[in-house]
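Throw the hints in and build the complete structure from the sequences for me.
Listed here are the chains, written in short residue letters.
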Amino acid sequence: MTKKGLKEPLTALTICGVGMGSSLILRMTAEKAFKELGVKAKVVATDVGSARSMQPDIIIGQAMHTEEFEGVAPVIISITNFTDHQALKEKLAEPLRQQGWME
Amino acid sequence: MANIVTATLVGLEPEGWREAIRAVCAPLLEAEAIQSAYIDRCIEMVDEHGPYMVVAPGIALAHARPEDGVLKLCLSVATLSDPVLFHHPQNDPVDLMFAFGSPDDQQHIHLLTALAEGLSGGLADDLRRSSTQKAAEQVMEEVLKDVIS
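As they're listed, the protein sequences go chains A and B.
Using my numbering, read the first sequence as starting at 1 and increasing by one per residue.
Using my numbering, read the second sequence as starting at 1 and increasing by one per residue.
I should point out that these hints are in silico values taken from the structure, not numbers from a laboratory.
Keep in mind it's a predicted model, so treat the numbers as computed, not measured.
The beta-carbon is built from N, C-alpha and C at its ideal position, and this holds for glycine as well.
Don't take every hint at face value.
[What the hints assert, rightly or not] From the derived model, a few chain A residues whose C-beta atoms are all more than 12 angstroms from chain B:
1. 38
2. 53
3. 76
4. 90
5. 95
6. 98
7. 99
8. 103
[Unchecked claim] To be clear about the criterion: a stretch of chain A counts as covered by chain B if any three or more of its residues have a C-beta under 8 angstroms from a C-beta of chain B, and this derived list gives those stretches:
9. 10-24
10. 62-68
11. 77-89
[Claimed, not checked] Simulated crosslink set (BS3-like; lysine-lysine; CA at most 30 angstroms straight-line):
12. B:134 - B:145
13. B:72 - B:134
14. A:35 - A:89
15. B:145 - A:35
16. B:145 - A:89
17. A:35 - A:91
18. A:32 - A:42
19. A:42 - A:91
20. B:145 - A:32
21. A:42 - A:89
22. A:89 - A:40
23. A:42 - B:145
As structure tokens, this is what we get:
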């Protein structure tokens, strides 16, 4: 996969079993986290099955789902509280820096 | 502005997570916003995909797909005085149940946006502190004031 540089918009998937409830709540939380980190990202909520055919930069979900995606995306974040954008920000910061997606 | 069927229940004592899902969905079935098959699917989603719908400590959001039997856009909430276990690795026990149904894959977005905003702003604890149905209804009305006509 081509590596994205700073300032290029990233694609992030928020995943859950159905793809329209929990993942949508998580999408709102992720959008807030990316905004506060100053990172441009398009966040899409989807179900676990559909996520397999997509090529996102980042996948965010519960560990019970993200474990299936090891190696599918450069950054995979497991989170337990879908409403806590501060916790998500903290989890995102280090991997985003490592990828060169954030200063 | 959408026409949304809502219901608020407080102090339920369900026997386990399956009954908790049935209990929070019951008023939506009664209001003919969902069909009974929808409730069965909500439970099957947990059996098939794990307790991912436990979206935060103590909080579950039960739902299935539009084609599983949704007649009207709807949202219900129930506080549990007897919390239930979903066997979630971190977020058990659950004492706050939400359920929603959307007739298509778009209509619920504003509703869930408002719910997400509420949850990030202390909605869960406001509901847990509501000892009467009226108090809980007022909490929900405030959170949903921009999406309910």
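Here is what the structure says about each hint:
1. 38: holds (19 angstroms)
2. 53: Answer for residue 53 (chain A): holds, closest chain B Cβ roughly 18 angstroms.
3. 76: holds (15 angstroms)
4. 90: Its Cβ never comes within 12 angstroms of chain B, the nearest being 15 angstroms, so this holds.
5. 95: Residue 95 (chain A) is indeed farther than 12 angstroms from all Cβ atoms of chain B, at 20 angstroms.
6. 98: holds (25 angstroms)
7. 99: holds (26 angstroms)
8. 103: holds (26 angstroms)
9. 10-24: As far as the region 10-24 of chain A goes, the hint holds, because 7 residues have Cβ atoms under 8 angstroms from chain B.
10. 62-68: holds (count 4)
11. 77-89: holds (count 6)
12. B:134 - B:145: holds (16 angstroms)
13. B:72 - B:134: holds (23 angstroms)
14. A:35 - A:89: holds (10 angstroms)
15. B:145 - A:35: holds (26 angstroms)
16. B:145 - A:89: This hinted pair holds, its Cα atoms lying about 29 angstroms apart.
17. A:35 - A:91: Since the Cα atoms of residue 35 (chain A) and residue 91 (chain A) sit roughly 14 angstroms apart, the hinted pair holds (cutoff 30 angstroms).
18. A:32 - A:42: holds (12 angstroms)
19. A:42 - A:91: holds (18 angstroms)
20. B:145 - A:32: holds (22 angstroms)
21. A:42 - A:89: holds (16 angstroms)
22. A:89 - A:40: holds (14 angstroms)
23. A:42 - B:145: holds (28 angstroms)
Violation of the numbered hints given earlier is absent; every hint is satisfied by the structure.
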